[in-house]
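There are 2 protein chains.
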Amino acid sequence: MQQENTHERNKELVADWQALMRTFICPDNDVSQSRLVKYMQQILFGLQDFLKKHVGITEETSLKDLVKAYSDSHINENPEKKLTDVITDLIEDVAPHAVNVASPYFVGHMTSAIPFFMVHLKTIVAALNQNVVKLETSKVFSVVERQVLAKIHRLIYRKSDDFYIRHIQSTDTALGCFTEDGTLANITALWVARNAALAPKNGFDGVESEGIPAAFQAYGMERAVILVSRLGHFSLKKAGGLLGIGNRNVLAVDVDHNNRIDLKCLNKTIREINKTEGKTRIIAIIGIAGTTETGSIDPLRQLGEICAEHGVHYHVDAVWGGPTVLSDKYKHLLKGIELADSVTIDGHKQFYMPMSCGMVYFKDPKIMDTVIYHANYVNRPGSVDLGIKSLAGSREANSIILDCALKIMGRRGYALLLEHGIETAREFAREIQQRPDFELITPPELNILTYRLFPSHLKKKLSGKDPARIPHIRERLNEINRRVQILQRERGKSFVSRTTLKMDGRPGEDIVVLRCVIMNPMTSMKILREVLDEQEEIYRNFFGEFAFLPENRGYESSF
Amino acid sequence: MQQENTHERNKELVADWQALMRTFICPDNDVSQSRLVKYMQQILFGLQDFLKKHVGITEETSLKDLVKAYSDSHINENPEKKLTDVITDLIEDVAPHAVNVASPYFVGHMTSAIPFFMVHLKTIVAALNQNVVKLETSKVFSVVERQVLAKIHRLIYRKSDDFYIRHIQSTDTALGCFTEDGTLANITALWVARNAALAPKNGFDGVESEGIPAAFQAYGMERAVILVSRLGHFSLKKAGGLLGIGNRNVLAVDVDHNNRIDLKCLNKTIREINKTEGKTRIIAIIGIAGTTETGSIDPLRQLGEICAEHGVHYHVDAVWGGPTVLSDKYKHLLKGIELADSVTIDGHKQFYMPMSCGMVYFKDPKIMDTVIYHANYVNRPGSVDLGIKSLAGSREANSIILDCALKIMGRRGYALLLEHGIETAREFAREIQQRPDFELITPPELNILTYRLFPSHLKKKLSGKDPARIPHIRERLNEINRRVQILQRERGKSFVSRTTLKMDGRPGEDIVVLRCVIMNPMTSMKILREVLDEQEEIYRNFFGEFAFLPENRGYESSF
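Protein chains in written order, with the working numbering: chain A, 1 to 559; chain B, 1 to 559.
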């Protein structure tokens, strides 16, 4: 019997043209259709069951075991498994080792739960399989993308009705572009900024055509720089490297005690650059609307004024905080964003879209002309093809997801989510301040805060009279927080992240902090208190004043 | 009654915290669950119904009407529609204006039908919503991505078991990377090539850090170039522009009469460059395995030898043809690909994955060290985080789709699809040659061919004795083919694309050709004959020897 079954299974699993063809035809009959629906049911609720059983972020299987299990590099000659087995395997064997980013206890990163309808919308995108690189493979979805871009552009820039009527579907202009993610959005913005700064003139054909050395010669310059606070996202340095200006020329400006770019330092840097009389030229100055590590917002209006004064491209990296413009209550936090020449926002962050979707917006609808590319077989001049002004070529029609989500939730719906995050973060900050064994490091401006375990007996010691002991205590504090974060992650119930901050007023001191991002509407104060309770408990168990440090189990190298 | 209904509907459509929260919780009860399943059913089969009713590529609504319908840039304050209405609208009002890329009559572009299980797999990716930028938001899916990369790397490079055991899950090395699409894969390959060519030396910190002008100084050079045949994809020029070497320095080498890079021309160009004694330096030489326009394959082995001789990075753009390595019958067409330092392949092309997925592979598992970026809060040195060596930051876990597809279809399953395309294209070429009113322009090497309508009476005229008439006849031929392509597309039953080729042996003559890409397994010779029949019929109706040209209805500007 066993043998017969095996034989039967093997018999089915041969690559076969007829069977293959059938996978391209949607079945007409009820039996086959209901099988396909059953798979979807498994996906929708089987995965959910796992997530429910599994309140924590991940199953305990160590990375080492996983690595062993996924070390075969051979591809089967014939089909290895049937669809139904593949889906069952995914749900039973693979998904349990995924990270439960949807858990309300997962408050460590900018990835979170998404409304379940997002899964339906993504499925529609996949089922239609349009390619928005050109109208011939997307038609209405190219038109939808332009409309959605105009809707978000309007939230940021609040131009006139006339402006949007003129540009929303114009083939001559572009209000922005969808990208794979925030990194590619930032790269697109700085690519455009570089090309606008080193534009064609007097026989010089522009940096895009002739390259940077020729551009430097044409402009009589020796160095191009980009200025951003030292809390700028690492994609900005990457952009500097990629674009050929050199990532060391993305200059990190110091921050004030609120983790905002220090305008005095910025102005000083600009003055020094201006002394070079054009030998060094600023390609862009960047304001951050929600730094990755602390959620801080740079003084956007003042930065805009400084850029205007010096005629420099003003980019706002609002990859995280951008959607705050949807909230009447908190949009003032982003005041001045409308001065930006370019703005980047992530769809899969605070627009709660599925992975992954970035966007870039431009104030001047003609500025993307600096990155136009044509081809003979598509993207001919004058066509509607979105691929003419885009870093990527083939792209999915993700704009329809955002369009539908805006219709389903309304602006107010999004605002409620954003407001929940900001207000819960504030309450959480108060809770941290009330606990004697914690220290709030960066209070939340948006919905991100950092803090650390700082046991009261160490607080006393640090304020004590023995300065020689201070470096030792600081190191011990860092070690405690590093280990507590790792041990809590290992336990698998809750997850906060950690980072290392340089603190204004504490020169030379790198402090390890715990970082909390509150965007899941299911994350309540009750849950956040549990997170703190567990951290206290881990500390007491493993670090009590005279306890030995737990053995280093090589977590650092595994995560 | 009407009023009451309206009132009731409006009552529901208010942004409300409780309702919003519920969208983040997967419902427990059967009624709500079955509603969610019903939506999926609608998506799976409702969209299919449209595609079936709609054998052609698109509904007739003109772009002008669509543009009018999508010109409102306002976002509703409250929810505009319920999920069920949004899905119904999408299926009934939006999808009919999409392009039916799944139609077997849609043979004009590299976008096609995908097996229906791909939609299920994409749904799983969306439901789990992992972010493979870092292990903390993806765990097993980072491990899966590395495994899949090794599987495809092995198909290309056929290294030893030891090699793959050593590198498949090593945190120190990388066999490649998933990207958004082929353009970003090509950009990644050339980014790495640029950085490897202009690496750190003698106090110079490398081009990524110091920028191109400093690199030129350190290497005593004045110009960096990339060499590729003039049929290279436009993403390669874009890469040149983006990377700061200037897109005019992506030099187009002429092709032979088979549309393959002309090695004599290439060697001549290299000799000329070498005469500059290092002032001009070649960053990369590119071989194409399947040009976008004609599907031609460059002599990959010889190119590899030339690159080795001159110590130049060898990149193979196999975005289209790469999966041919899966077919025992035709993999010889890509002989020499294993010599490449980098290879790019698209997942959403001949791996039949949903939009969009690109990949880049590297022979040397250490070469991606040239593009490493770290951050404090993620991607710390030594970690498994995939975002350390990647152009993008946040990325979906698309590798699981390819992994599952390989299991479901087996290598042989993919091979059958590829072989069908190649063999159908050959048969189609014979059919074209047999028809008196057509001319085959580029015979298929893979599954792409170009041809044109060339009515027999014009053939006679062209071979006639009046040379003064020749330019006029050529222009008329171009006009005929341009218009027939547009009119056929407008009719909406079939779609071939068109492009403009310069032909070897016909200097100065740009000829407009029809371009056919055969990758849909449902595309049979019967269908292809119908496509030709319709083209003949359109020609006879609109162009017969003495007919007037149809009025220009502005198609060129709309598509």
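In case anyone wonders, no lab produced these hints; they're calculated from the structure.
Check the hints yourself; a few may be wrong.
To be verified - DSS-like mimics (lysine-lysine), calculated; alpha carbons at most 30 Å apart, straight line: (1) Lys82(B) to Lys329(A); (2) Lys279(A) to Lys201(B); (3) Lys461(B) to Lys81(A).
As the list claims (entries may be wrong) - Just a sample of chain B residues kept apart from chain A, beta carbon distances all over 10 Å, derived: (4) Gly358; (5) Glu479; (6) Arg483.
Said to hold, decoys possible - Here are the simulated distance ranges between beta carbons: (7) Gly220(A) to Arg491(B): 38 to 48 Å; (8) Asp89(A) to Ser170(B): 24 to 34 Å; (9) Lys331(B) to Glu530(A): 51 to 61 Å.
Heads up, the beta-carbon is just placed ideally off N, CA and C, and yes, glycines get one too.
Exercise. Taking 10 Å as the cut and beta carbons as the points, is Glu479(B) off the interface with chain A?
Worked result: holds, 16 Å
Problem set entry | Arg491(B) and Gly220(A) - C-beta distance against the hinted 38 to 48 Å | Given about 57 Å between the Cβ atoms, the range is violated.
Exercise. Under the criterion that the straight-line Cα-Cα distance not exceed 30 Å, is the pair Lys279(A), Lys201(B) satisfied?
Worked result: holds, 25 Å
Exercise. Can we confirm that no CB of chain A comes within 10 Å of the CB of Gly358(B)?
Worked result: violated, 8 Å
Exercise. Given a hinted range of 24 to 34 Å, is it respected by the beta-carbon distance of Asp89(A) and Ser170(B)?
Worked result: With Cβ atoms ~25 Å apart, the hint holds.
Problem set entry | Non-interface claim for Arg483(B) versus chain A (Cβ beyond 10 Å) | Answer for Arg483(B): holds, closest chain A Cβ roughly 15 Å.
Exercise. Regarding Lys331(B) and Glu530(A), is the given constraint of 51 to 61 Å on their beta-carbon distance met?
Worked result: The hinted range 51 to 61 Å holds for Lys331(B) and Glu530(A), with Cβ atoms some 57 Å apart.
For this session: Please work out if Lys82(B) and Lys329(A) have their alpha carbons no farther apart than 30 Å.
Result: Answer holds: Lys82(B) to Lys329(A) is near 25 Å, not above 30 Å.
For this session: Verify the proposed pairing of Lys461(B) with Lys81(A), using a straight-line Cα cut of 30 Å.
Result: violated, 60 Å
Hints 3, 4 and 7, counting from the list given before, are not met by this structure.
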